[in-house]
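Undergrad: We have chain A; now place chain S onto it with these hints.
There are 2 protein chains.
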Amino acid sequence: MALGVSPIPFTLVVYILGVAAIIMIFLWNIHFRGGFAWNTSHKPLIFNIHPVLLLIGPIIIGGEAIISYKSLRLKKEIKKVIHLVLHGIALLLGIIGIYTAFKFHNESGIKNLYSLHSWLGIGVIVLYGIQWLFGFVMFFYPGLKSSLRSKTLPWHALFGLVVYALAVGNASLGFLEKLTFLENSGLAKNGTEALLVNFTAMITILYGVFVVISAISSPTGADDYAPI
Amino acid sequence: MALGVSPIPFTLVVYILGVAAIIMIFLWNIHFRGGFAWNTSHKPLIFNIHPVLLLIGPIIIGGEAIISYKSLRLKKEIKKVIHLVLHGIALLLGIIGIYTAFKFHNESGIKNLYSLHSWLGIGVIVLYGIQWLFGFVMFFYPGLKSSLRSKTLPWHALFGLVVYALAVGNASLGFLEKLTFLENSGLAKNGTEALLVNFTAMITILYGVFVVISAISSPTGADDYAPI
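Chains A and S supply the protein sequences, listed in that same order.
Residue numbers 1 to 228, in UniProt numbering, belong to the letters of the first sequence in order.
Residue numbers 1 to 228, in UniProt numbering, belong to the letters of the second sequence in order.
The following block holds chain A by itself, in its conformation from the complex:
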């Protein structure tokens, strides 16, 4: 199903959507939700860290990591390190972001792990971690034999894209869940904040779609899919 087209236009769209999503998530959490705090009596400020880190980490930086082989004109070895490091940062921000949700729940007396968003979130971060570790061992250090790498690479790419799609889906669940809570507490269903959250979610979903299309477009260099 590889597409015989250049990835460049798609990766440009990814950058534009990514910048838009980051601006919108900060606008939402600073202007409408009051900003961030780690130790505070106003507990929602702890929660606000969660969507920002999860969006910037696994979704935006994770997406850039996926398309780094297509968007950058660098040597294969450098792109591999960038792919690995960006996914590592994405994973770390994801873990810290999930921790802030637990911290907020625990300090506010809210149950943990009852919703689909939380179930899928734990599943996705575990799969993301496993994928990163397997990728490190198989393709970086110590690395499989060349023939085995060739066989393993399509599965690494498939599993990575599935986990990424689940992450984008779960981000959407998070936007909907948080907004539904706010609307149940009186937020206007067609108000400015509700529109902003829904549009941020739509931009996030589009970002994910364009990351996947960039990933399956033609390689920028002939050696991009060489197994070493």
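What the hints contain is simulated information worked out from the structure, not anything from laboratory work.
All figures in this text were calculated on a predicted structure; none of them were measured in a lab.
Careful, some of the hints might be misleading.
With a straight-line Cα cutoff of 20 Å, these simulated EDC-like cross-link-like pairs (lysine to aspartate or glutamate) come out [stated by the list, open to error]:
1) A:Lys189 / S:Glu193
2) A:Lys189 / S:Glu177
3) A:Lys189 / A:Glu177
4) A:Lys178 / S:Glu183
5) S:Lys111 / A:Glu177
6) A:Lys111 / S:Glu193
7) A:Lys189 / S:Glu107
8) A:Lys79 / S:Glu193
9) S:Lys178 / A:Glu177
10) S:Lys178 / A:Glu183
11) S:Lys189 / A:Glu183
12) A:Lys178 / S:Glu177
13) S:Lys111 / A:Glu193
14) S:Lys111 / A:Glu183
15) S:Lys189 / A:Glu177
16) A:Lys111 / S:Glu107
17) S:Lys189 / A:Glu107
18) S:Lys43 / S:Glu107
19) S:Lys43 / S:Glu183
Covered by chain A, according to a simulated footprint, are these stretches of chain S (three or more residues, beta-carbon under 8 Å) [unchecked claim]:
20) 115-122
21) 167-179
Derived contacts from chain A toward chain S, CB cut-off under 8 Å, selection only [what the hints assert, rightly or not]:
22) Leu3
23) Tyr114
24) His117
25) Trp119
26) Pro154
27) Gly169
28) Phe175
29) Asn190
30) Asn198
By construction, the Cβ of each residue, glycine as well, lies at the ideal position given by its N, Cα and C atoms.
TA: Quick look at chain S alone, frame taken from chain A:
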């Protein structure tokens, strides 16, 4: 990114997950939600039709339509008709299911089209319809020239899988939204019904993942991706 493996084990998993999801959605809406009605003073019985039709239509039958080229050992021409007819049924059930959500809202005095689930749902059903019409015209009647079909087919497959992934993501949003409404009205967050709904959503997501893996696995017959 084509996988050099047989699709048969994956399509078997799809069947098992599909049967499980159908049993669970009926169990939820009949046993826990009180069943179905079209004209009734108890309006939630109208809504109950919505998740059942959307799950069985675009998700289950739509998934079977996607993997029909891989799961069936029939002539290419017959599989094409099955692909087309199953997607047509999926689309029709989707449209009726969406209509029931509007009917429920209108008769209950609930706003339409304010949530991410509704926005994405309208987007997905429109894209599903466009994809079906383009597929019909390009590959069935009157059909493009052979050389043009070969060029168009990867885009048809990609666009179809993207729309399908969005449909599965939006089904998850629907499960989470409905359950959050029920929990806000007093349903136990760790009760039997909440667990059933979350597990149905997880099975639905897994179903979608295995549909996509089946679709990108190796063809069952050498002529499966021939353009005619």
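Undergrad: It remains to establish, for every hint, whether it holds in the given structure.
TA: Hint by hint, here is what the structure shows:
no.	hint	result
1	A:Lys189 / S:Glu193	violated, 27 Å
2	A:Lys189 / S:Glu177	holds, 14 Å
3	A:Lys189 / A:Glu177	holds, 13 Å
4	A:Lys178 / S:Glu183	holds, 14 Å
5	S:Lys111 / A:Glu177	holds, 18 Å
6	A:Lys111 / S:Glu193	holds, 17 Å
7	A:Lys189 / S:Glu107	holds, 19 Å
8	A:Lys79 / S:Glu193	violated, 48 Å
9	S:Lys178 / A:Glu177	holds, 10 Å
10	S:Lys178 / A:Glu183	holds, 14 Å
11	S:Lys189 / A:Glu183	holds, 19 Å
12	A:Lys178 / S:Glu177	holds, 10 Å
13	S:Lys111 / A:Glu193	holds, 17 Å
14	S:Lys111 / A:Glu183	holds, 13 Å
15	S:Lys189 / A:Glu177	holds, 14 Å
16	A:Lys111 / S:Glu107	violated, 34 Å
17	S:Lys189 / A:Glu107	holds, 19 Å
18	S:Lys43 / S:Glu107	holds, 7 Å
19	S:Lys43 / S:Glu183	holds, 18 Å
20	115-122	holds (count 5)
21	167-179	holds (count 8)
22	Leu3	holds, 6 Å
23	Tyr114	holds, 4 Å
24	His117	holds, 6 Å
25	Trp119	holds, 6 Å
26	Pro154	holds, 6 Å
27	Gly169	holds, 4 Å
28	Phe175	holds, 6 Å
29	Asn190	holds, 6 Å
30	Asn198	holds, 5 Å
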